[in-house]
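Protein chains in written order, with this note's numbering: chain E, 1 to 235; chain Z, 1 to 383.
There's no promise every hint is true.
[As the list claims (entries may be wrong)] Label-pair restraints from in silico Cβ distances:
#1 Gln200/E with Leu20/Z: 46 to 52 Å
#2 Leu273/Z with Lys76/E: 43 to 49 Å
#3 Lys184/E with Ala359/Z: 53 to 59 Å
#4 Arg77/E with Ala359/Z: 42 to 48 Å
#5 Arg22/E with Phe8/Z: 49 to 55 Å
#6 Lys12/Z with Lys129/E: 24 to 30 Å
#7 Glu25/E with Ile259/Z: 54 to 60 Å
#8 Phe350/Z with Ser24/E: 53 to 59 Å
#9 Arg77/E with Leu20/Z: 48 to 54 Å
#10 Leu122/E with Leu23/Z: 36 to 42 Å
#11 Ser24/E with Ala359/Z: 39 to 45 Å
#12 Arg284/Z with Val19/E: 44 to 50 Å
#13 Ala359/Z with Arg22/E: 35 to 41 Å
#14 Tyr281/Z with Lys184/E: 33 to 39 Å
Everything labelled a hint here was simulated from the structure, so no lab data went into it.
Source: prediction; values computed, not measured.
No residue lacks a Cβ here, since even glycine has one placed at the ideal position from N, Cα and C.
Spelled out, the chains give:
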Amino acid sequence: MTTKANGEVLVKVSGVDKVFKRGSEEIHVLGGLDLEIPTGEFLALMGPSGSGKSTLLNLVGGLDRPSEGAVEVGGKRIDQLSDRKLAAWRARHVGLVFQFYNLMPVLSAQKNVELPLLLTRLSAAERKKRAAIALDIVGLSHRAGHYPRQLSGGEQQRTGIARAIVTDPTLLLCDEPTGDLDRKAGDEILDLLQALNREQGKTIIMVTHDVHAAARATRTLHLNKGRLSASPIDQ
Amino acid sequence: MKYFYLIFSGLKRKKLRTSLTILSIMVAFILFGYLTAIRQAFDAGVEVAGADRLIVRHKVSLIQLLPQNYEAKIEAIDGVSNAVHATWFGGIYQAPRNFFAQMPAVPEDLFDMYPEFILSDEHKEAWLATRSGAIAGRGLAERFDWKLGDRIPINATIWGKKDGGRTWEFDLVGIYDGAEKGTDTSQFFFRYDFFDETRANGAGLVGWYTVRVTDPDKAAEVAAAIDAEFANSAQETKTEPEGAFIQGFANQIGNIGFIIMSIMSAVFFTILLVAGNTMAYTVRERTSELAVLKAIGFTDRGVLSLVLGESLALTLVGGAIGLGIAALLVSMGDPTQGSFPVFYIPTRDFFLGLLLIAAMAFVAGILPALQAQKLQIADALRR
Ligand SMILES: Nc1ncnc2c1ncn2[C@@H]1O[C@H](COP(=O)(O)OP(=O)(O)O)[C@@H](O)[C@H]1O
Ligand SMILES: [Mg+2]
Numbered sequence: 001m002t003t004k005a006n007g008e009v010l011v012k013v014s015g016v017d018k019v020f021k022r023g024s025e026e027i028h029v030l031g032g033l034d035l036e037i038p039t040g041e042f043l044a045l046m047g048p049s050g051s052g053k054s055t056l057l058n059l060v061g062g063l064d065r066p067s068e069g070a071v072e073v074g075g076k077r078i079d080q081l082s083d084r085k086l087a088a089w090r091a092r093h094v095g096l097v098f099q100f101y102n103l104m105p106v107l108s109a110q111k112n113v114e115l116p117l118l119l120t121r122l123s124a125a126e127r128k129k130r131a132a133i134a135l136d137i138v139g140l141s142h143r144a145g146h147y148p149r150q151l152s153g154g155e156q157q158r159t160g161i162a163r164a165i166v167t168d169p170t171l172l173l174c175d176e177p178t179g180d181l182d183r184k185a186g187d188e189i190l191d192l193l194q195a196l197n198r199e200q201g202k203t204i205i206m207v208t209h210d211v212h213a214a215a216r217a218t219r220t221l222h223l224n225k226g227r228l229s230a231s232p233i234d235q
Numbered sequence: 001m002k003y004f005y006l007i008f009s010g011l012k013r014k015k016l017r018t019s020l021t022i023l024s025i026m027v028a029f030i031l032f033g034y035l036t037a038i039r040q041a042f043d044a045g046v047e048v049a050g051a052d053r054l055i056v057r058h059k060v061s062l063i064q065l066l067p068q069n070y071e072a073k074i075e076a077i078d079g080v081s082n083a084v085h086a087t088w089f090g091g092i093y094q095a096p097r098n099f100f101a102q103m104p105a106v107p108e109d110l111f112d113m114y115p116e117f118i119l120s121d122e123h124k125e126a127w128l129a130t131r132s133g134a135i136a137g138r139g140l141a142e143r144f145d146w147k148l149g150d151r152i153p154i155n156a157t158i159w160g161k162k163d164g165g166r167t168w169e170f171d172l173v174g175i176y177d178g179a180e181k182g183t184d185t186s187q188f189f190f191r192y193d194f195f196d197e198t199r200a201n202g203a204g205l206v207g208w209y210t211v212r213v214t215d216p217d218k219a220a221e222v223a224a225a226i227d228a229e230f231a232n233s234a235q236e237t238k239t240e241p242e243g244a245f246i247q248g249f250a251n252q253i254g255n256i257g258f259i260i261m262s263i264m265s266a267v268f269f270t271i272l273l274v275a276g277n278t279m280a281y282t283v284r285e286r287t288s289e290l291a292v293l294k295a296i297g298f299t300d301r302g303v304l305s306l307v308l309g310e311s312l313a314l315t316l317v318g319g320a321i322g323l324g325i326a327a328l329l330v331s332m333g334d335p336t337q338g339s340f341p342v343f344y345i346p347t348r349d350f351f352l353g354l355l356l357i358a359a360m361a362f363v364a365g366i367l368p369a370l371q372a373q374k375l376q377i378a379d380a381l382r383r
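Given only the sequences and the hints, what does the whole structure look like? Please build it.
Encoded structure:
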């Protein structure tokens, strides 16, 4: 297993609890969870459905806040940022890839990829150029003008990845990126993620159900009953 | 604005629903524009009424006449700079539906009192030189396609002639323009001396007086002084500001402003429900999209603005097209084929329209926008 991790801790999750309240009922999803991810790692996160993988990913990406504990990214306590600062932080540091792509149906691939750049001070020309580069990286330059409905699932997901990397984020968070794709398209996505990790040194956390997909990562962790372990507990 | 395409792309989402919503907003604003022009037609006189002008009429009613010698008496009152008389002729040109105001006037007095009527010196001289001469406003002349030199026959309803005839013939010697957009150019004036000599009865009697005061702030005092002057005489007077006089005239038809306001309120309330409904659906259907925007770094405030922006785009497109069509319709002429003294949408009401567009966008969009603002990313992405 190759690893580009340079040892410096990028993500540090310490003693994190996450409790959801549904009416009077409390759901304890994560309890006292610790996790360190070095810069440059490609981490696969596995575990049964409902075990809290997405929840953990959301905490690391600043999409949600822990009930207890600390989340540090690049030495910064993101769980303590105000909503506004957290939004700015996400824009700057996080790229998100979703299982169902979540592209804007009314925007072309090019415009979808440009979307995160709207939050920067870049000029229209510069935004366009960067979006074109991102589309080129994922091999979709020729489909830039197409709308999501005109693209296959694999192409939509590649557009999603282009959107995630266009701001050159510190962290790439992928929640079951191949979950909705057939084997071939899924493999292409995994090739792409692996290349981004190896060639561009992107730190990636990927939630997956698929052992085959997890094998592409530099490390795999299993989440079960709110805890992380290096091997599946139920084995 | 770099968010423009994002805002407008929202309108492309459900094309049919968006079109129908825009269409209903458009209809509302066509109505708004058109009714505004109608109200303006009724209000026009009131608005252009000079603050320094008073109208003196018979205390009992407008139809009762006043002696012409009141003119000198009024002019002798402190604070009065000029008084001129006018009389309602009320004749019929060809057919009753061709209604327009006809009045005998003393040429010099008319232009002195109404500087907003613009007549070239040439036409003025021609009028002074022609006893049977008359002048028409530009709007009136265009309505009947009159040219200088035309002989205009008008059938008397009130004023028969000494020779027993009822048809008065006037020679059109001038056409006056309005100094402002709101100036009434639908009137017809002929010479008082000719009128007084020719009419079968009522010699020396006039309909009312228009009085210019030297200081508009003292208008009320001057009005009281005029009425006091003629108190206990055979013909007592009632003096009021020109605006109030014209308003009273318009009110004979009904409170047009109120009727129009009522219609508009009902229309806008309905359209607000339509637009609000559209915005509510727009946000509900796009919960996950809005969550994604937040996930990639749009702030809560940013998403709120986006939804409000979309609401504005909706009302702006519909409203602007509606106002445009209204302006076009209004420019094609008034619904009475020319009986309105003026027919146009005042600039002020265009701005009011824009304000309404913004207000409608806000009211229709604010609840969905707040909902979008509150959206929790993690929650919304699970749906
Ligand atoms: N916003 C939420 N409100 C209530 N319950 C939630 C919420 N998010 C997640 N959960 C619950 O937390 C548990 C873990 O969810 P999730 O992190 O999505 O699991 P996974 O991604 O591993 O399938 C589930 O039982 C889920 O129902
Ligand atoms: Mg999940």
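Against the structure, the hints come out as follows:
| no. | hint | verdict |
| --- | --- | --- |
| 1 | Gln200/E with Leu20/Z: 46 to 52 Å | 48 Å, holds |
| 2 | Leu273/Z with Lys76/E: 43 to 49 Å | 47 Å, holds |
| 3 | Lys184/E with Ala359/Z: 53 to 59 Å | 55 Å, holds |
| 4 | Arg77/E with Ala359/Z: 42 to 48 Å | 43 Å, holds |
| 5 | Arg22/E with Phe8/Z: 49 to 55 Å | 39 Å, violated |
| 6 | Lys12/Z with Lys129/E: 24 to 30 Å | 25 Å, holds |
| 7 | Glu25/E with Ile259/Z: 54 to 60 Å | 59 Å, holds |
| 8 | Phe350/Z with Ser24/E: 53 to 59 Å | 57 Å, holds |
| 9 | Arg77/E with Leu20/Z: 48 to 54 Å | 50 Å, holds |
| 10 | Leu122/E with Leu23/Z: 36 to 42 Å | 38 Å, holds |
| 11 | Ser24/E with Ala359/Z: 39 to 45 Å | 42 Å, holds |
| 12 | Arg284/Z with Val19/E: 44 to 50 Å | 28 Å, violated |
| 13 | Ala359/Z with Arg22/E: 35 to 41 Å | 40 Å, holds |
| 14 | Tyr281/Z with Lys184/E: 33 to 39 Å | 38 Å, holds |
The structure shown violates the earlier hints numbered 5, 12.
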